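Number of protein chains: 2
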Amino acid sequence: MNNITYNIAAVERDTGLSKDVLRVWERRYGFPQPERDSNGDRLYPTAQVERLRLVRRLMDQGHRPGKLLALSDEELATLPSRHKTDKPEEPTAIAETELDELLEPIRRHHAADFMMAMQQRLARQGMLGFVEDTIAPLTEFVGKAWESGAIKVFEEHLYTELTKRLLRQAIATLPARPQGRRILLTTVPDERHALGLLMVEAVLTIEGAHCIQLGPQMPLIEIARAAAAHQVEVVALSFSSAFPQRQITGLLQQLETLLPAGVELWAGGAGIANLPDTPGIRFVTTLASARQALDA
Amino acid sequence: MNNITYNIAAVERDTGLSKDVLRVWERRYGFPQPERDSNGDRLYPTAQVERLRLVRRLMDQGHRPGKLLALSDEELATLPSRHKTDKPEEPTAIAETELDELLEPIRRHHAADFMMAMQQRLARQGMLGFVEDTIAPLTEFVGKAWESGAIKVFEEHLYTELTKRLLRQAIATLPARPQGRRILLTTVPDERHALGLLMVEAVLTIEGAHCIQLGPQMPLIEIARAAAAHQVEVVALSFSSAFPQRQITGLLQQLETLLPAGVELWAGGAGIANLPDTPGIRFVTTLASARQALDA
DNA sequence: AATTATGTTTTGTCCAGGACAATTTAAGGA
DNA sequence: TCCTTAAATTGTCCTGGACAAAACATAATT
Numbered sequence: 001m002n003n004i005t006y007n008i009a010a011v012e013r014d015t016g017l018s019k020d021v022l023r024v025w026e027r028r029y030g031f032p033q034p035e036r037d038s039n040g041d042r043l044y045p046t047a048q049v050e051r052l053r054l055v056r057r058l059m060d061q062g063h064r065p066g067k068l069l070a071l072s073d074e075e076l077a078t079l080p081s082r083h084k085t086d087k088p089e090e091p092t093a094i095a096e097t098e099l100d101e102l103l104e105p106i107r108r109h110h111a112a113d114f115m116m117a118m119q120q121r122l123a124r125q126g127m128l129g130f131v132e133d134t135i136a137p138l139t140e141f142v143g144k145a146w147e148s149g150a151i152k153v154f155e156e157h158l159y160t161e162l163t164k165r166l167l168r169q170a171i172a173t174l175p176a177r178p179q180g181r182r183i184l185l186t187t188v189p190d191e192r193h194a195l196g197l198l199m200v201e202a203v204l205t206i207e208g209a210h211c212i213q214l215g216p217q218m219p220l221i222e223i224a225r226a227a228a229a230h231q232v233e234v235v236a237l238s239f240s241s242a243f244p245q246r247q248i249t250g251l252l253q254q255l256e257t258l259l260p261a262g263v264e265l266w267a268g269g270a271g272i273a274n275l276p277d278t279p280g281i282r283f284v285t286t287l288a289s290a291r292q293a294l295d296a
Numbered sequence: 001m002n003n004i005t006y007n008i009a010a011v012e013r014d015t016g017l018s019k020d021v022l023r024v025w026e027r028r029y030g031f032p033q034p035e036r037d038s039n040g041d042r043l044y045p046t047a048q049v050e051r052l053r054l055v056r057r058l059m060d061q062g063h064r065p066g067k068l069l070a071l072s073d074e075e076l077a078t079l080p081s082r083h084k085t086d087k088p089e090e091p092t093a094i095a096e097t098e099l100d101e102l103l104e105p106i107r108r109h110h111a112a113d114f115m116m117a118m119q120q121r122l123a124r125q126g127m128l129g130f131v132e133d134t135i136a137p138l139t140e141f142v143g144k145a146w147e148s149g150a151i152k153v154f155e156e157h158l159y160t161e162l163t164k165r166l167l168r169q170a171i172a173t174l175p176a177r178p179q180g181r182r183i184l185l186t187t188v189p190d191e192r193h194a195l196g197l198l199m200v201e202a203v204l205t206i207e208g209a210h211c212i213q214l215g216p217q218m219p220l221i222e223i224a225r226a227a228a229a230h231q232v233e234v235v236a237l238s239f240s241s242a243f244p245q246r247q248i249t250g251l252l253q254q255l256e257t258l259l260p261a262g263v264e265l266w267a268g269g270a271g272i273a274n275l276p277d278t279p280g281i282r283f284v285t286t287l288a289s290a291r292q293a294l295d296a
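So the sequences go chain by chain: P and D.
Residue numbering for the first sequence follows the numbering used here, starting at 1 and increasing by one per position.
Residue numbering for the second sequence follows the numbering used here, starting at 1 and increasing by one per position.
None of these hints come from the bench; they were simulated from the model.
The model shown is predicted, which means the values in this text are computed figures rather than measured ones.
Keep in mind that a hint or two might mislead.
Repeated chains share a single entry, so a pair holds when one copy, or any two copies, can fit it.
No farther apart than 30 Å at their CA atoms in a straight line, the calculated lysine-lysine pairs in the DSBU-like style are these [what the hints assert, rightly or not]:
(1) 152 x 164
(2) 144 x 67
(3) 67 x 152
(4) 164 x 67
(5) 144 x 19
(6) 144 x 164
Please work from the sequences and hints to get the whole structure.
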């Protein structure tokens, strides 16, 4: 069960590291060092794939492959998380221990318990409070837990799936406001995370906006077409912290030129935390500021 | 607006043809024939990308690239669909004109009208009939319309988003069956389409199963871990028609070896239409057969 | 005629090793 | 300390070759 080997395509699929990267790392750093089959094709043992996964996670935290691949397994395991953004841990409305408790049912793989606890909080806090003070910090917490390996991939998937469900359910109870400000919600092609979109949709819908949710991964040209077809006043994009920051500004500028005149462009999510101001684009760093932006 | 060029990574993303394939076609067949930038990197004009998309669609219908790429644009456009599966176009419970009518609000970009019409059908047909006789054929119809260019990308996104919402809403009304057969639902990493999963979830939940929906894009090893953690009896994967068929069998066999003993593996969706039988794996070609599989 | 066996062509994927631009780090100077 | 400049790092793309699996065509057998 454990001496399975992966071909290079399977490793690419499971680690997210491209074939080119896998080959060039082998050439440069000597790792991974797969076996070969009779045809000379690479065969990666499970252990090496696991290590690649770990390396990948550490790189998302700001480490660099050249250093990581020179370390031993033990050193890798005890490596401190290294976030360059030295923002001073803004005070959250909810304690870490409480977040951890909320996540407990997920770790026990008990969906129903999780849903129940969350629904209670929703009833107690009201939708706005629930989204801003529970779901937002909890999602961030899950992200950190994933980076540090405290939570498994499939557990994170379960959390995302259940939370989406909660949000969709909650949004469905809100009255339709066809005459509210029309806002298009989506993400760019390489941004898969849709949870942020749903949070924004919830908050803005509460505030009386009319949201058109297109889900994630829209080609830029299609975003522009959709904006025209739906006659929206605002296009709002979400970027997760996993999205490569350096691409964001360029993408937004390109989209800005494609959009019909008069359409505002908003960008939000953890990925835009510290980007330089750009003319014509509004950075919406928190859910609260999204509400403010709506008034302007 | 039309003289945009794509680099090879963008073309891979937009057409689903790998970089290797794009390069080897150029070498062998002389198409595509992209321009080059100052660095010698390929730059594909929009027209060539469009043609690649068309070729891709025709290949999904059973044509072969060597023939297709030798044809002129006109010949390509008038090529008959060539399905090797000589199944006689199974009679659908719903006429194409009716499907087309249902899609009309989407083309007018009017979400509310679409939702209303669909909710009426749901009430009339009951959930099972709705899923099997409306959503399933309609989704297939949208897929075809998208392939033939009759519907725009953002319209397809809107359809998907709204239909997901309908299904989630409908599933939420079903009673929980914690003691039913436990079934894990997900897709492999390169398979983004989650609509099929929701359809299966609806049908199986109606039949009394306890579904654990993990959403799309799970690494194989994580699927196996999730199956163990959630103690499921069945792992069900969905493959859309866009997924490269040749990879599917290998993927399933690999997953089969990873799964805990005694866990069944089901595969469904349009992508598995005509695959050879594989020991240990159950191909579920229709929603109705999924219900049957549940009894076995 | 239908089926099976065998040879041929087509096609996707992988390989090696080189190159370059974009980014990050290090070094130097004001 | 801050800014500028040089060096190192790293991901992506390139060419052209190779091979196995699949699809197809052809011949042989039942």
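Hint by hint, which ones does this structure get wrong, listed from lowest number up?
-> Hint check: 4 fails alone, others pass.
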